[in-house]
Structures are given as structure tokens and as C-alpha cells.
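J.: Position chain B against the provided structure of chain A, taking the given hints into account.
Chain by chain, the residues:
2 protein chains.
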Amino acid sequence: MKAINLAEKLSHITTHWDPHIVADYNNNDVMVVKFTGEFPFHDHPDTDDFFLVLEGEITIDLTTEDGTGESHTIRAGEMFVVPKGIRHRPRATTEAKVLLIEPKGTPNTGDAATASAKPRL
Amino acid sequence: MKAINLAEKLSHITTHWDPHIVADYNNNDVMVVKFTGEFPFHDHPDTDDFFLVLEGEITIDLTTEDGTGESHTIRAGEMFVVPKGIRHRPRATTEAKVLLIEPKGTPNTGDAATASAKPRL
Numbered sequence: 094m095k096a097i098n099l100a101e102k103l104s105h106i107t108t109h110w111d112p113h114i115v116a117d118y119n120n121n122d123v124m125v126v127k128f129t130g131e132f133p134f135h136d137h138p139d140t141d142d143f144f145l146v147l148e149g150e151i152t153i154d155l156t157t158e159d160g161t162g163e164s165h166t167i168r169a170g171e172m173f174v175v176p177k178g179i180r181h182r183p184r185a186t187t188e189a190k191v192l193l194i195e196p197k198g199t200p201n202t203g204d205a206a207t208a209s210a211k212p213r214l
Numbered sequence: 094m095k096a097i098n099l100a101e102k103l104s105h106i107t108t109h110w111d112p113h114i115v116a117d118y119n120n121n122d123v124m125v126v127k128f129t130g131e132f133p134f135h136d137h138p139d140t141d142d143f144f145l146v147l148e149g150e151i152t153i154d155l156t157t158e159d160g161t162g163e164s165h166t167i168r169a170g171e172m173f174v175v176p177k178g179i180r181h182r183p184r185a186t187t188e189a190k191v192l193l194i195e196p197k198g199t200p201n202t203g204d205a206a207t208a209s210a211k212p213r214l
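Protein chains in written order, with the working numbering: chain A, 94 to 214; chain B, 94 to 214.
Just so you know, the hints here were simulated from the structure itself, not pulled from any lab data. One thing to keep in mind: the hints can contain errors.
[Said to hold, decoys possible] Partner residues are not named here, just some residues of chain A that face chain B (Cβ under 7 angstroms, in silico):
1. A116
2. H135
3. D141
4. M172
5. V174
6. T187
[To be verified] Here are the in silico distance ranges between beta carbons for each label pair:
7. E150/A to P196/B: 44 to 52 angstroms
8. I106/A to R168/B: 15 to 23 angstroms
9. T186/B to E101/A: 33 to 41 angstroms
10. A96/A to F134/B: 18 to 26 angstroms
11. A206/A to P133/B: 29 to 37 angstroms
12. T186/A to M94/B: 35 to 43 angstroms
13. P212/B to E101/A: 28 to 36 angstroms
14. R184/A to P196/B: 30 to 38 angstroms
Built from N, CA and C at the ideal position, the CB exists for glycine as well.
Isolated chain A, as found in the complex (with noise of 0.2 angstroms):
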């Protein structure tokens, strides 16, 4: 048991699109990404998806239930909740800096064939 500096470990990373681990809690991994570009659509049929932006400023592109796209920007020290089973696609214009949480087993991608590896840091 320790404090875990999120800045500390999102320094180690030198990629993109590419969760670290840095805590477990309950049954999910507690992840720190970097995000620049465009993430491809996908989706989680079995759970929410947590995002907490920790410096810079990402949009998700969201596809709801009747079609409709929305789009919603978070800044940092913002976070927002996609639902379970929505169809979306994080992005950002310059490099953010984000924590993720999401249960153990959970393809980044939506699809364990094209997911990351998650190491832990």
C-alpha cells in the first residue's frame, strides 16, 4: 500500500492509446493513458467505461441508443461515464493525460484481438 503520484507514473509513458496500470481496485484496473489523435469507435457491451482527464482536454464522440452522434469535450479535472453498450470514440487534438478505470479483463479497443497489453507501471 502506497500513494501512487499519477504525474509520476504517466511519466514512464512514451506512447499513446496505451493504458498503464497503476492501481487495482476491487476487480478493476486503475490505468493512466496519454491520448493524442483519434481513437477508433468502438464499444463495452458489459460495462461503463470511467474517464478522468488530468491535464489537457479530450472529446468523446458518442453514438446513442436511437443513432443520434453527440459530442461532449472534458477538460481537465472533468471526468464523464460512458454507459455500458454506447458506441464511442475518445480523441484529442494535443496530448492529454487521462485515468481510466474499467473491470479487469476489458479490451481497450472493445475487441480482445486489437486491445492493449496493459502493462503495469
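T.: Below, chain B alone, put in the same frame as chain A:
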């Protein structure tokens, strides 16, 4: 679905040790809370306890399984997870602002009889 500004949510809270729900993540409450002084020692037998310090600094005193005590200081931008079953006491010398995550129904004191109501902001 919308971005949740944690500082804005905290600006409505005038009490201490009184978590307010700002979002739902799977079956968890995501909460913001202000700490000042000492909370009672307690434990949660069925869940880990997630703390992320947004502003200020807190200390968590722990009684580990072998009966040894230890204390951890968690500063703004740092997080800490108290594993389930570990007795702990959060405290803060001056007001600190904290993000908490707990499964819905978890009493913040470890005891439903003394727990906060966890209103929604």
C-alpha cells in the same frame, strides 16, 4: 451523459466527511467529499476503498493485518486504495478535497447506523 466538473461539484459542499455522489460507474458511486480533522477508524469487509486527492493533502492511518500501524500521506494528484478489510482512518490537518469510489450501499463509516446519506449533486 455530460462532463462532470469536480471543482464545481465540490463548490456546493459546505460540510465535511459527507460524500456527495457525482456519477455512477457500473454499480459504484463516484463521490466528492471534503475532509478536515479525523474520521473514525473503520473498515469495509467487502470492498476496497478508492481515494484520489484533488486538492490539499490527507493522511490515511492503517492497522495492517499483523497489527502494525502505518500512515500514508496522499497529496493532490495522488491516489490510494485501502484493500478490503484493512482498518483505516482518513484525516486532514487542513481542508482537502477528495474523489471517492465505493460500491453502492457501502457505508462510509463501515457501519450503516452511522453512515452518511450520500446525497447526489
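J.: Go through the numbered hints given earlier and state which of them the structure violates, listing their numbers in rising order.
T.: 2, 6, 7, 9, 11 and 12
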